[in-house]
Amino acid sequence: MSSVATASAASGSHWLLRKSSLQAMSVFLLVVAGSLLALAEDTRFVYMLVYVWFGLAYGMLLQYGRFCMASAVRDLFAVKVPRMAVGMMIAVALYALVAAVVTLAGFSTFHPNAMGWHIVIGAAIFGFGIVFTGGCASGSLYKAGEGNMNSMLVILAISFSQAIVVSASGWWDSLVPQSWIESAKAKEMPEELSVTEGWFDIFTAGHIWDLKGATTADMFDMAGTTAGVVWMNTMLTAILPVAIILVVLYVFYYRKGHLRRTGKAAPSLGDELAGMWAMFTSSKNTAIAGIGLGILAGLHMYVTGVLREHYDIFNFGELLVAMGYTNGLSIQDTVFDPGYWYITTQEAQWGGWIMQQLGINSMDSIFFGLDNGLPNPLLNAPGFMSIGIILGASVMALARREFKWKMPSWETAFFAIVGGTLMGIGARLAMGCNIGAFFATVTNGDPSGWVFLFGMVIGAYVGVKAFTWYMDWSDSRKTSECGL
Amino acid sequence: MAMTFNKIADHEWELNVCGYTCPHPQMYTKKALQKIESGDVLSLVFDNPSSGESIMAMCEAEGNDLFDRQDGGGSFTWKIRKA
Numbered sequence: 001m002s003s004v005a006t007a008s009a010a011s012g013s014h015w016l017l018r019k020s021s022l023q024a025m026s027v028f029l030l031v032v033a034g035s036l037l038a039l040a041e042d043t044r045f046v047y048m049l050v051y052v053w054f055g056l057a058y059g060m061l062l063q064y065g066r067f068c069m070a071s072a073v074r075d076l077f078a079v080k081v082p083r084m085a086v087g088m089m090i091a092v093a094l095y096a097l098v099a100a101v102v103t104l105a106g107f108s109t110f111h112p113n114a115m116g117w118h119i120v121i122g123a124a125i126f127g128f129g130i131v132f133t134g135g136c137a138s139g140s141l142y143k144a145g146e147g148n149m150n151s152m153l154v155i156l157a158i159s160f161s162q163a164i165v166v167s168a169s170g171w172w173d174s175l176v177p178q179s180w181i182e183s184a185k186a187k188e189m190p191e192e193l194s195v196t197e198g199w200f201d202i203f204t205a206g207h208i209w210d211l212k213g214a215t216t217a218d219m220f221d222m223a224g225t226t227a228g229v230v231w232m233n234t235m236l237t238a239i240l241p242v243a244i245i246l247v248v249l250y251v252f253y254y255r256k257g258h259l260r261r262t263g264k265a266a267p268s269l270g271d272e273l274a275g276m277w278a279m280f281t282s283s284k285n286t287a288i289a290g291i292g293l294g295i296l297a298g299l300h301m302y303v304t305g306v307l308r309e310h311y312d313i314f315n316f317g318e319l320l321v322a323m324g325y326t327n328g329l330s331i332q333d334t335v336f337d338p339g340y341w342y343i344t345t346q347e348a349q350w351g352g353w354i355m356q357q358l359g360i361n362s363m364d365s366i367f368f369g370l371d372n373g374l375p376n377p378l379l380n381a382p383g384f385m386s387i388g389i390i391l392g393a394s395v396m397a398l399a400r401r402e403f404k405w406k407m408p409s410w411e412t413a414f415f416a417i418v419g420g421t422l423m424g425i426g427a428r429l430a431m432g433c434n435i436g437a438f439f440a441t442v443t444n445g446d447p448s449g450w451v452f453l454f455g456m457v458i459g460a461y462v463g464v465k466a467f468t469w470y471m472d473w474s475d476s477r478k479t480s481e482c483g484l
Numbered sequence: 001m002a003m004t005f006n007k008i009a010d011h012e013w014e015l016n017v018c019g020y021t022c023p024h025p026q027m028y029t030k031k032a033l034q035k036i037e038s039g040d041v042l043s044l045v046f047d048n049p050s051s052g053e054s055i056m057a058m059c060e061a062e063g064n065d066l067f068d069r070q071d072g073g074g075s076f077t078w079k080i081r082k083a
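Residue numbers (this note's numbering), protein chains in the order written: chain F, 1 to 484; chain B, 1 to 83.
Next comes chain F alone, as it looks inside the complex (with noise of 0.2 Å):
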């Protein structure tokens, strides 16, 4: 390629002073004084501002890098395009890195998931939906802080998908396994759980609580010690199959462009290992990006893990309590909680809420009585992070003079509700998002993770064709001679 002309809009004054790096920085005082605002009520409210920030400095990494994981299996197939999963695969090893680390400092507040066929089910449906919708979980928060009204609808459609998913009850609920409601009557809930009413109580406590989950270290009996992190969890279930996607990306997505762009008909290993370099380096603000991304979750673990020694707690519920905020808890006085990146469980609480609060109960449920909660969502604090990555992502795009409001066409909207939908479906039958299900899972040791992206690496392909075919279909009913 050439030198490449490039022109900015921008007016004669000052980067600081114009309009839009003002808003920026409005934005991000916003949330100083968000953040002070809370601390001035409790201290305590310290741990839900940790969410906050990381948040925040998720969503304009995001924004940066454009790093979106629909991004990283969707271009791969409909424009043979390998960078976003480069820079995914670059995350996921400083992540396992940094989290070895917090696991052998005894700061991890990680936990597996149960393994099984529900994974690739739920992430092929996952992963179908995010071809449709423009973006994954947490990319489209960071496209709704660019001002994206379509991400937006995303947003909604899988904060009520999920809440409907693991709260509705029905005729649905005789297709459950007879099994799984007699193993779900055993476990002997509480009688305001209902548990064999609702087909996803029954599957989460007639099958799922069933499986095993564990990290390699575990399988192996090696659980607690420095060669089951370092050589199991982080070297063995992350780094090793990161280098074997690099090389398969760099094989059949880089290097016949490569080769042909520098000449080389007969490449040695010199070259090829040349080659690799420039295809990580190829999108250097999605390679940042991923750098940054990969430390901070790791650091974000760490934070929470020293707070929660710090206050003598497992929860924020148990701190929500001793603060004297005791709506929306589980009957355990938790709510969701996860210490680390996390996406889906926050907005189905959205969703639930509001459900909630329109004389919905859904407090009846395993995902939100027993287990997450429903809480105000000013005492949401994953939600916060959620609203973090949004505002952090504004603040991003905003001093790029990227930020744009963008209004949905019915189109656009009904692949937005539609795709979103599906995701929030696919999202909780997997028990997670690609950050909680693959993205914190295989960078903590937890193979169920990979798992959760061939899923999704399924539902992406078949996605993908979907979604050519509609576009063909679509250009071909138009007259115009200079259609597509």
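Note that these hints are calculated values from the structure, not bench results. Just so you know, even glycine gets a beta-carbon here, dropped at the ideal spot from N, CA and C. Honestly, I wouldn't trust all of these hints.
[To be verified] Which residues of chain B face chain F? A few of them, derived with a C-beta cut under 10 Å, are:
1. ALA2
2. PHE5
3. CYS22
4. TYR28
5. LYS35
6. SER38
7. ASP40
8. ALA61
9. GLU62
10. ASP65
11. SER75
12. PHE76
13. LYS79
Add chain B to chain F, keeping to what the hints say.
Here is chain B on its own, set in the frame of chain F:
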């Protein structure tokens, strides 16, 4: 809002995908580049920032020349000469 693809001069085309989010812009760009002749110039107008990174990578991989970028106010106008 609708995608428009027009011939604006001899060997010059304009693709406008403003209002669309991923993956529309990059997929329409791919289709437009497949349709035009080698040496033709495609003026691409879009407002979804994340599509830009993928389009740059597409140009690099295919050897197409992204020779002009006008960015600002959330909108992007890029000129690409097909290899």
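Against the structure, the hints come out as follows:
1. Residue-level restraint check for B/ALA2 holds (minimum Cβ-Cβ distance to chain F is 8 Å; threshold 10 Å).
2. The closest approach between the C-beta of B/PHE5 and any C-beta of chain F is roughly 5 Å, which is under the 10 Å cut-off, so the hint is satisfied.
3. A cut of 10 Å between beta carbons decides the hint on B/CYS22: the least distance to chain F is about 4 Å, and the hint holds.
4. Evaluation of the B/TYR28 hint against chain F yields a held restraint, the C-beta minimum of about 6 Å falling below 10 Å.
5. Annotation: B/LYS35 was flagged as interfacial toward chain F, and the flag holds, the nearest CB pair being 6 Å apart, inside 10 Å.
6. Look at B/SER38: its Cβ only gets to about 15 Å from chain F, farther than 10 Å, so that hint breaks.
7. Contact between B/ASP40 and chain F, as hinted, is not supported at the beta carbon level, the nearest pair being about 13 Å apart and thus beyond 10 Å.
8. For B/ALA61, the shortest C-beta to C-beta distance to chain F is roughly 4 Å, which falls under 10 Å, so the interface hint holds.
9. This hint holds: B/GLU62 has a C-beta 7 Å from the nearest C-beta of chain F, less than the 10 Å allowed.
10. Because the beta carbon of B/ASP65 sits about 6 Å from the nearest beta carbon in chain F, less than 10 Å, this interface hint is met.
11. A distance limit of 10 Å between C-beta atoms decides the matter here; for B/SER75 the minimum to chain F is near 7 Å, and the interface restraint holds.
12. Hint on B/PHE76 holds. Least Cβ distance to chain F is approximately 9 Å, under the 10 Å limit.
13. Interface restraint check for B/LYS79: the shortest CB-CB distance to chain F comes to about 9 Å, inside 10 Å, so the restraint holds.
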